[in-house]
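> Here is what each chain is made of, one letter per residue.
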Amino acid sequence: MTRDSLVKTVVSTYEKLKTEWTKKNRNLDTCGKFLSDIKVELTKLHFLPSMGHSVSKEELLVARNTLEIGALWSIANKDIPSFERYIAMLKIYYMDYSEQLPESAYMYELLGLDLLCLLAQNKVGEFHTSLEHLPPPAVTDNVYIRHPVAMEQYLMEGAYNKIYLAKGEIYLAKGEVPAEGYKFFIEELLSTIREDIADCVENAYDRIRPEDIGKMLYLSGTKEILEYCAQRGWEVAKDGYLQFKKEVRKNDDSIPSKELAHQMINYAREMEQIV
Amino acid sequence: MGFITSAAGILALLDESEDQLRVFALERLNQITDTFWPEIADSIQKIERLEEDANFPKRELAALLVSKVYFHLGSYLDSLTYALRSGPMLHQDPNQLYIDTIKVHAIDHYIKLRAQKDAKMDSRLETLLNNMFQRCIEDQQFRHAIGIALETHRMDWFKEAIMTSDDIVGSLTYSYKIAMQYIEQRKFRDEVLEQLVSLYQGLDTPDYVNMCQCLIHLDKPHEVASILDKLIRNDSLKSEAMDNELMAYQIGFDLYESATQDLLSHVRQGLRTTAPVPSLLRHVDPPATTSAGSTTSSTTATTTSASASASATATATATSTSPTSTTDTTSSSTEKEEKSETEGETGDTSMSEEKTLDDLTDLEKTHQTRVEKLARILTGEMTIEQHLQFLIANNHTDMLILRHSKEAVRASVCHTATVIANAFMHCGTTSDQFLRDNLEWLSRATNWAKMTATASLGVIHRGHEKEALTLMQAYLPKESNSPGYAESGSLYALGLIHANHGGNIIDYLLNQTKDATSDIVRHGGCLGLGLAAMGTQRTDVYEQLKYSLFQDDAVTGEAAGLAMGLVMLGSANEQAVSDMVNYARDTQHEKILRGLAQGIALTMYGQQDQADNLITELSEDKDAILRRAAMYTVAMAYCGTASTPAMKRLLHVAVSDVDNDVRRAAVEALGFLLFRSPEQIPSMVSLLSESYNPHVRYGAAMALGVACSGTGQKEALGLLEPLTNDPVNFVRQGALIASALVLIQQTEATCSKVKDFRQLYAKVIGDKHEDSIAKFGAILAQGIIDAGGRNMTISLQSRTGHTSMTSVVGMFVFTQFWYWFPLAHFLSMAFTPTCLIGLNSELKMPKMQFHSNAKPSTYGYPAPLEEKKKEVAEKVTAVLSITAKAKKKDDERKKKEQKDDKMDVDEEKEKKEKEEKEKEKEEKKKEEEKKKEEPTFDLLSNPARVMKAQLRVVKMAEGSRYTPVKELGIGGIILMRDTKPEDSEELVQPVPALGPKTEEETEPEPPEPFRYTEESIS
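First to last, the sequence lines map onto chains A and B. So the first sequence is residues 1 to 275, counted in our numbering. So the second sequence is residues 276 to 1293, counted in our numbering.
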């Protein structure tokens, strides 16, 4: 098959995928099948070009658009690893080939999602690395990017309530939400935060009432609280308090004086012996 | 066009479920590994998993990728493992550095596996190596191929590499060199050498010289004998390129230079059985040579003088004086008896043998003559004679130097030193002029100093074996009541004359030792016996020495312990070692312990790892002297190997032992290990030479001297120079001696510092405030630097690159002068004449010339001291020191004498009466000399003094009728082929040996051309 005909096949598959994806009641499985088909076919072309190949714009576009759909598809599938993979591949097109392609409409949305995704997994270091790759105006002005940046700021300040509020805002005022996909990650983020707080609570308190912990963990109903407690393996004692088992840490801070003295004497002797 | 900034996208594909995508990802990654390996390294486990997945289609690709990542990570063994799994893909990789690194590690790994016998060999690795080897051959990189073959112990490759190479002879020489230098395991080296022998044999013109060298190392005297026999038996091998007869003689000389006494005697035995009239060979000298028509007047003279001396010495037995200079020294005593039986009937048998000789055909007669000649060569008689001739003829000793030191010093230590220095300077020249001129001064030596002085005659007459007994006659033990120091010295001297070439003197010494009445005489006897019977492993000698040892007498025991080691040199005889070690543990005498320590070390000479157990045992002993013995043993067992574990042990002891002597011995031993690579030693001991411990500094100096002896190495001198100003007297002594060892025979052209050091020695000797211990060093240094009439150098390896056993032993025992001054004489064994001697097929020196392509001054003799200088120096001392009038008178008388001397020596100066004028003229002269253009070459006449560095520029003079059998560049004794045999040859007249003539001699000797020789000397 010639290159042109290959490209044509890919484009036609892509068209099918696109129509399926834009349908109201899209079938995620069909989309997944189309996606993997396209990827396999792309490998025969210059997919993910690495070393200075000249690639036609059409090929690049098709590949990019497919991957974008793939990323969104992953979110819809709630498949975070798959999402990360698509993003990793997309970054080649976004960053390294930015000069040869028109900027994609989805670019900042997906990058923002990526940032949020990293934040949700508590990968703060990588979050900042990714942020560094973005142009400064985008960080301050772009709505998609600003949101995860703000979230990260709250997180660092320890203003967990603001994140909780942000979530609330998303639900209350739909206009504020940058994109549909963000909800998914905000949920993820919150559960990550909750785990964090729960870890701290375990260490900070000997015992606590379930109601109080509900406030701290942004859990509203008693049922939710109890479910969560069960999940963490916390048990409610008879007096209605949660008891935390403290791990007994071994204290081994004694100075190994004998060994040190021995070593020092050894050094001294060797120093004397050296020549 | 575009370049990506991260491999994350491609790596993400690895997690896809379709193989096609993963393969695609691997391919992409493979292209970019060299840039993005840090990122890929994070996901290396994923790739490894793919590689292990049996269903994955491109496992090799994955393996290659993993290998490359490990390569970048610096984990080469992992990289190699995966590279092997990647199969043929490996060779297509464009990254040359990676391929090279993998290959290097593949070779290393293969060598490691081959070294472990039971290791399982990876067949893929083997194929890889095979391919590499083939490529080496295809690319004509034969030396690489030989190297790989030797390293991997693959004899099949080794053979193939040599046989396919374009320069087979060159490859063989190269292989021989690396086999001797770099292969440490003895067993494998033997295997390689055997292979080499068979290859040499297979050449169109077999290379017998090198073949015999290999056989020496393999210790196969019978093969050597059969080769020699083949060469002399018939002339069918004779061709344009090779004269088989001369070749055989040449091999004989080479053999004597590099083989042990034991091996040589076996070769001689082997040869004897092939001779047409074997029994004749026992008495080569008078009857056989006469009948063969090659009588030398000197040999006849020997016989007469020897028998004359025999009658004079009451104790000598018939056996020891009968003229059997070529008889074998065999270890079995039964053969000994048998021999003396035959010799008892010398007169009758020789008569009947002459008849048998007449019956022989012409062909057999020539054969017989040749065997006889060869036998004489193999006994070393010829070599020693030629060297003696060379040294006597070319003696260039500067007597003034000696006279200066004689007059400058008063202490008895320095007196002894001067005597020893004189011995070194005249080593082998047979000129005892200095001693005879200063008999009164010499008589100041008493007790052991007397012994040393007498023994110094042995050094002076080194190799002058024919008249040894006559020479020493005045001092040999007789019925008298004297304490026996001179007697002791004379026996020691006999040993020195016959060092490593005992012959019949062994029996004489054995009897003397047996009959000796005092411990002092026994001391000298033991030393002499040890020297003469060196390395023979004779049981009777050994038993006698052991008996002497068991007397538990300190004086005798010390010498006996050392001598036992000398007799058992390099044998690793278990019985001997256990005798010595056990006695060492029992005895109370430190002197005996010292002697035994040296003896034990000598017994383990050259044994390398076989000595390890003993070394470990001794080095853990409580007794410091035994620990020192361990260090000596390391020095001897590993001499010249530069073995890393041995050096580690020495360096450890050098900084950790509590005993100063042990530390010093350990540092000194480093020198013995590293003499093959003198360039390494300065960096190794540079820190030690700055040690706070003076003993370690002394050791460092001596190590430099030993390892860099005769090289004139600048780095070594750079380290020694500050040590000559050391605050501790004996460190200065060590530095002075070591510097002389390094600078021996160097001229200003080859080493600019030599002048400074010579001046330094003179300064130290003349300095009133200098300690006598340092002066001792300076005087000895003067002796060493001008050794053997300025015609000798020190080298612990022979010309062909073997470890020279006698030199190593001589040097080792010399370093023991620290405890016992008389042992300093052992250094004479380490001196080798720097000569180039051409011999014709009659083993005579024809007149010929060599062309030295260098300015005469580059390698010439240093200018003799100026008389005048000395006078000035003396005036100063006279003003400063002399107060007594008597002394003044004495001085004036001396001055007069010297003036007379001067007139004799320097006739030109005689013309000028005033010193001032003389000076001016001299300066002018010098300027003139400078202006005069020096010729760029020099013609040297046979026998020529050619220094080691000079050998490279020496060739036969143009139009010479002679052509050498082997390359001139090796030096030493070289057989010359006469291209015009029809013309008569002009021979170099042999020079008579100097030395005292006994007055009792009834026969009128030819008048000694005394005046004549002295003029020619100065």
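One or more of the hints may lead you astray.
Unchecked claim - Result set (DSBU-like, lysine-lysine): computed pairs, CA atoms no more than 30 Å apart in a straight line:
| # | chain 1 | residue 1 | chain 2 | residue 2 |
| --- | --- | --- | --- | --- |
| 1 | A | Lys123 | B | Lys392 |
| 2 | B | Lys1122 | B | Lys640 |
| 3 | B | Lys1122 | B | Lys1038 |
| 4 | B | Lys462 | B | Lys392 |
| 5 | A | Lys8 | B | Lys333 |
| 6 | A | Lys78 | B | Lys321 |
Hints listed in this document are in silico derivations from the structure and should not be mistaken for laboratory results. All figures in this text were calculated on a predicted structure; none of them were measured in a lab.
> Now tell me if each hint is right for this structure.
Evaluated hints:
1. Lys123(A) / Lys392(B): violated, 53 Å
2. Lys1122(B) / Lys640(B): holds, 28 Å
3. Lys1122(B) / Lys1038(B): Violated - the C-alpha atoms of lysine 1038(B) and lysine 1122(B) are around 43 Å apart, more than 30 Å.
4. Lys462(B) / Lys392(B): holds, 14 Å
5. Lys8(A) / Lys333(B): holds, 29 Å
6. Lys78(A) / Lys321(B): The hint holds at about 23 Å.
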